[in-house]
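K.L.:
Chains as they are written, first to last, in the working numbering: chain W, 164 to 355; chain L, 128 to 659.
Rather than coming from a laboratory, the hints here were simulated on the basis of the structure. There may be inaccurate statements among the hints.
What the hints assert, rightly or not - Straight line, CA to CA, 30 Å or less: simulated DSSO-like cross-link-like pairs of lysine-lysine: (1) Lys180/L / Lys204/L; (2) Lys341/L / Lys173/W; (3) Lys493/L / Lys201/W; (4) Lys201/W / Lys167/L; (5) Lys264/L / Lys285/W; (6) Lys272/W / Lys266/L; (7) Lys173/W / Lys269/L; (8) Lys402/L / Lys387/L; (9) Lys264/L / Lys173/W; (10) Lys266/L / Lys285/W; (11) Lys272/W / Lys264/L; (12) Lys269/L / Lys285/W; (13) Lys535/L / Lys173/W; (14) Lys173/W / Lys402/L; (15) Lys535/L / Lys435/L.
Quick caveat, the model's predicted, so the values are computed rather than measured.
So you can see what is in the structure, the chains are spelled out below.
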Amino acid sequence: MAWRTIDRTKVSPEEMGPGLSAAVREKIQAFFPRYPTKQAALIPALHIIQDALGYISLQAMEDVAELLELHPSQVMDVVSFYSMFWTHPRGKKTIMLCRSLSCELMGGKNVRDALVEKLGIKEHETTDDGEWSFMTEECLAACEHAPCMLINEKLHKCVRVEDLNRILSDPDNDKLEMPRSDLFDAPRTAQT
Amino acid sequence: MPKIIIDGQEIECRPGIPVLQAALEAGMDIPHYCYHPGLKIVASCRLCLMEMKMPHPKTKEMAWAPKLFPSCQTPAKDGMEVRFDSDAVRANVRHVMEYYLLNHPLDCPVCDKAGECYLQDYTEDHGSAASRMVDEKQKNPKKDIGPQTLLYSDRCVLCSRCVRFCDEISGTSELRVINRGSRGEIDVFPGRPLDNALQGNVVELCPVGALLDKEFLFRQRVWTLKTTKSISPVDSRGQSIYIDYNEEGIHRIRPRFNEKVNEWWISDEARFGWKHVHRDDRLNQPRVRGSDGLVPQRWEELPEFLRKRLADAAKQVSDSVAVVLSPMMSCEEAWLLAKAVRDVAPQAVLFHGFVPVVGEDRTFPKGFVVKAEKCPNRRGIETICEHLGGNTANWGDFLGMASSGKIKAAYVVGGYPNEWLTSEAVAAIGQVEFLVVQDLFPTALTEHAAVEIPSVSWTEREGMFMNCDGLLQEFERALNPLEGTKADGQFFFELAGNVGLFRAKKVREEMAAALPVFADVFIPQELPEHAH
Numbered sequence: 164m165a166w167r168t169i170d171r172t173k174v175s176p177e178e179m180g181p182g183l184s185a186a187v188r189e190k191i192q193a194f195f196p197r198y199p200t201k202q203a204a205l206i207p208a209l210h211i212i213q214d215a216l217g218y219i220s221l222q223a224m225e226d227v228a229e230l231l232e233l234h235p236s237q238v239m240d241v242v243s244f245y246s247m248f249w250t251h252p253r254g255k256k257t258i259m260l261c262r263s264l265s266c267e268l269m270g271g272k273n274v275r276d277a278l279v280e281k282l283g284i285k286e287h288e289t290t291d292d293g294e295w296s297f298m299t300e301e302c303l304a305a306c307e308h309a310p311c312m313l314i315n316e317k318l319h320k321c322v323r324v325e326d327l328n329r330i331l332s333d334p335d336n337d338k339l340e341m342p343r344s345d346l347f348d349a350p351r352t353a354q355t
Numbered sequence: 128m129p130k131i132i133i134d135g136q137e138i139e140c141r142p143g144i145p146v147l148q149a150a151l152e153a154g155m156d157i158p159h160y161c162y163h164p165g166l167k168i169v170a171s172c173r174l175c176l177m178e179m180k181m182p183h184p185k186t187k188e189m190a191w192a193p194k195l196f197p198s199c200q201t202p203a204k205d206g207m208e209v210r211f212d213s214d215a216v217r218a219n220v221r222h223v224m225e226y227y228l229l230n231h232p233l234d235c236p237v238c239d240k241a242g243e244c245y246l247q248d249y250t251e252d253h254g255s256a257a258s259r260m261v262d263e264k265q266k267n268p269k270k271d272i273g274p275q276t277l278l279y280s281d282r283c284v285l286c287s288r289c290v291r292f293c294d295e296i297s298g299t300s301e302l303r304v305i306n307r308g309s310r311g312e313i314d315v316f317p318g319r320p321l322d323n324a325l326q327g328n329v330v331e332l333c334p335v336g337a338l339l340d341k342e343f344l345f346r347q348r349v350w351t352l353k354t355t356k357s358i359s360p361v362d363s364r365g366q367s368i369y370i371d372y373n374e375e376g377i378h379r380i381r382p383r384f385n386e387k388v389n390e391w392w393i394s395d396e397a398r399f400g401w402k403h404v405h406r407d408d409r410l411n412q413p414r415v416r417g418s419d420g421l422v423p424q425r426w427e428e429l430p431e432f433l434r435k436r437l438a439d440a441a442k443q444v445s446d447s448v449a450v451v452l453s454p455m456m457s458c459e460e461a462w463l464l465a466k467a468v469r470d471v472a473p474q475a476v477l478f479h480g481f482v483p484v485v486g487e488d489r490t491f492p493k494g495f496v497v498k499a500e501k502c503p504n505r506r507g508i509e510t511i512c513e514h515l516g517g518n519t520a521n522w523g524d525f526l527g528m529a530s531s532g533k534i535k536a537a538y539v540v541g542g543y544p545n546e547w548l549t550s551e552a553v554a555a556i557g558q559v560e561f562l563v564v565q566d567l568f569p570t571a572l573t574e575h576a577a578v579e580i581p582s583v584s585w586t587e588r589e590g591m592f593m594n595c596d597g598l599l600q601e602f603e604r605a606l607n608p609l610e611g612t613k614a615d616g617q618f619f620f621e622l623a624g625n626v627g628l629f630r631a632k633k634v635r636e637e638m639a640a641a642l643p644v645f646a647d648v649f650i651p652q653e654l655p656e657h658a659h
């Protein structure tokens with residue numbers, strides 16, 4: 164193998180990506196009273212960032228580390244541990260296809276092959292027009308509707324290969340029927 | 128003291144330590160990677176699993192539990208019975224070793240760790256000769272993670288010692304495990320390299336060849352190196368070190384366990400603070416000023432010449448002879464020199480040498496201290512001066528007395544690794560009529576010196592240093608003195624009128640008889656190689 168060494172000591176500003184806006188910072192800080200330590204607010208903070216930026220950039224990791232009084236490497240540790248945190252930009256809509264047992268038995272693999280062919284991208288990649296990103300997940304907890312997939316946060320049940328064109332062309336394919344709970348990104352106020 | 132039974136053998140151990148530590152201290156070579164006595168226990172490598180006797184849930188009789196337990200995480204309790212010498216334990220080690228070797232490259236021939244690698248050792252003892260792996264090996268990349276350190280992540284066994292070291296000992300948290308499961312890797316945050324005052328320790332902590340010192344990279348095979356126990360002269364704490372060297376000179380410095388000073392670690396200053404030993408401009412012959420400048424002189428003629436000149440100066444004004452004892456000297460050397468000069472000039476003034484101080488003391492989270500005082504033996508020099516009594520004073524007084532012309536003859540010892548003289552100091556010392564300078568490198572004093580004597584570095588001498596807490600520690604000689612030079616101790620021995628070889632131990636006995644504090648040399652406990 165050729166002598167290749169990745170230089171981790173330097174990083175260019177382009178690689179760092181966007182940082183946190185004041186609004187996002189405020190949202191994260193609102194979570195602090197909920198936990199005994201600032202570090203404990205890391206996971207909600209990462210969700211907020213991913214919501215705002217679509218992914219978690221290196222600059223965002225540095226910013227959140229500063230906010231939570233951690234070393235950036237500790238944030239990177241957590242981000243890289245969970246596969247649903249994205250570390251590179253993704254498309255407007257993300258398809259998360261279940262690859263677990265029930266879905267696989269009910270034809271999930273065919274759906275995956277068809278999606279890869281239609282979109283022309285592999286897992287964790289984004290189409291050139293920035294419209295679609297694609298990944299597989301271990302289980303979406305909807306085995307009774309296998310094979311299933313998520314487009315952003317909307318669940319599509321019993322997906323057939325022949326349905327894919329219809330689903331992908333539907334402009335409302337990521338619209339939630341039931342809106343998000345208020346609690347999703349707002350901390351409960353302390354109970355008196 | 129709890130007594131535990133390991134493999135049918137009763138062992139007494141310190142209270143509160145894990146079974147693994149007790150076994151290691153009892154001399155048993157139990158394989159382990161993640162456990163390190165200086166770090167938190169994570170029990171992640173699964174190599175040290177043991178069998179333990181527990182009360183049967185029904186019959187309440189003591190029986191071997193069906194499950195294996197991590198011995199690093201099980202505290203030793205009085206009366207407990209465990210065993211490592213069993214089929215279940217051996218099978219576990221064999222399986223775990225096979226797992227560690229799945230993705231490990233077979234690059235021992237080019238690996239710096241080869242020869243002191245615990246993956247090699249354990250594979251030889253417990254592994255199998257051939258791999259059953261048929262799939263392609265996972266090849267993780269090599270990474271440049273800091274100014275002094277490289278990470279070969281393909282060799283890593285993910286024991287996480289380095290991560291815990293950066294969290295707990297240096298308190299800087301640069302290193303982390305990223306990703307998960309079989310994709311796990313050690314990494315730094317991009318642009319935040321591993322760069323702290325203790326970072327070199329991760330190289331020794333690494334049980335395999337994953338973390339490597341850039342300076343030692345591809346320099347030597349470790350089995351060609353000889354090792355000497357020494358004390359680092361870079362700061363006043365006197366960190367215990369091993370000097371690894373061969374006929375080409377020093378190749379690296381490693382930490383040596385010392386429970387009272389540096390425990391398992393050393394600072395980077397100590398680790399890399401030997402470069403001056405091999406500088407090209409070291410003084411390598413004694414020179415005496417003649418009519419046309421300094422001319423080389425034979426070592427044999429120096430003692431008599433110096434004794435005569437110092438005695439002459441003392442005859443004119445009895446307290447006009449000065450000796451400046453450098454804190455870079457060992458206690459024995461300072462003792463011999465002070466005695467030798469006082470012998471011919473009884474009223475000679477003993478001065479404490481210049482004490483270099485850089486910044487402030489730095490204390491790390493678990494108590495490791497990097498001292499601001501960058502010399503090893505200030506306390507030793509002070510103790511000797513105090514004992515010998517008579518006129519003693521400090522460096523500042525020396526400069527004052529020299530510039531006022533009170534000092535007619537002075538023997539000034541340097542030996543510092545860096546430039547140490549200010550221009551004011553040079554101007555003051557330049558006033559001395561008969562100036563003897565003993566130093567490692569040419570300095571501004573050379574042009575004022577009547578006699579210039581080469582000194583040798585601490586690696587070429589033996590003796591003892593008294594650290595800032597008054598702890599007396601001995602160091603041994605690694606290298607032979609540079610060609611043309613003479614070990615300082617040997618020269619002072621001859622200057623004091625002795626014939627034969629200088630032996631630090633003999634001088635130490637003489638010193639201890641006069642001053643009991645010098646009898647109390649601290650020798651740290653030596654750790655066996657398997658207790659890494």
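K.L.:
Decide, hint by hint, whether the structure agrees.
P.N.:
Hints and how they fare:
no. : hint                : verdict
1   : Lys180/L / Lys204/L : holds (12 Å)
2   : Lys341/L / Lys173/W : holds (17 Å)
3   : Lys493/L / Lys201/W : holds (23 Å)
4   : Lys201/W / Lys167/L : holds (23 Å)
5   : Lys264/L / Lys285/W : holds (23 Å)
6   : Lys272/W / Lys266/L : holds (28 Å)
7   : Lys173/W / Lys269/L : holds (15 Å)
8   : Lys402/L / Lys387/L : holds (27 Å)
9   : Lys264/L / Lys173/W : holds (29 Å)
10  : Lys266/L / Lys285/W : holds (21 Å)
11  : Lys272/W / Lys264/L : holds (26 Å)
12  : Lys269/L / Lys285/W : holds (26 Å)
13  : Lys535/L / Lys173/W : violated (58 Å)
14  : Lys173/W / Lys402/L : holds (27 Å)
15  : Lys535/L / Lys435/L : holds (14 Å)
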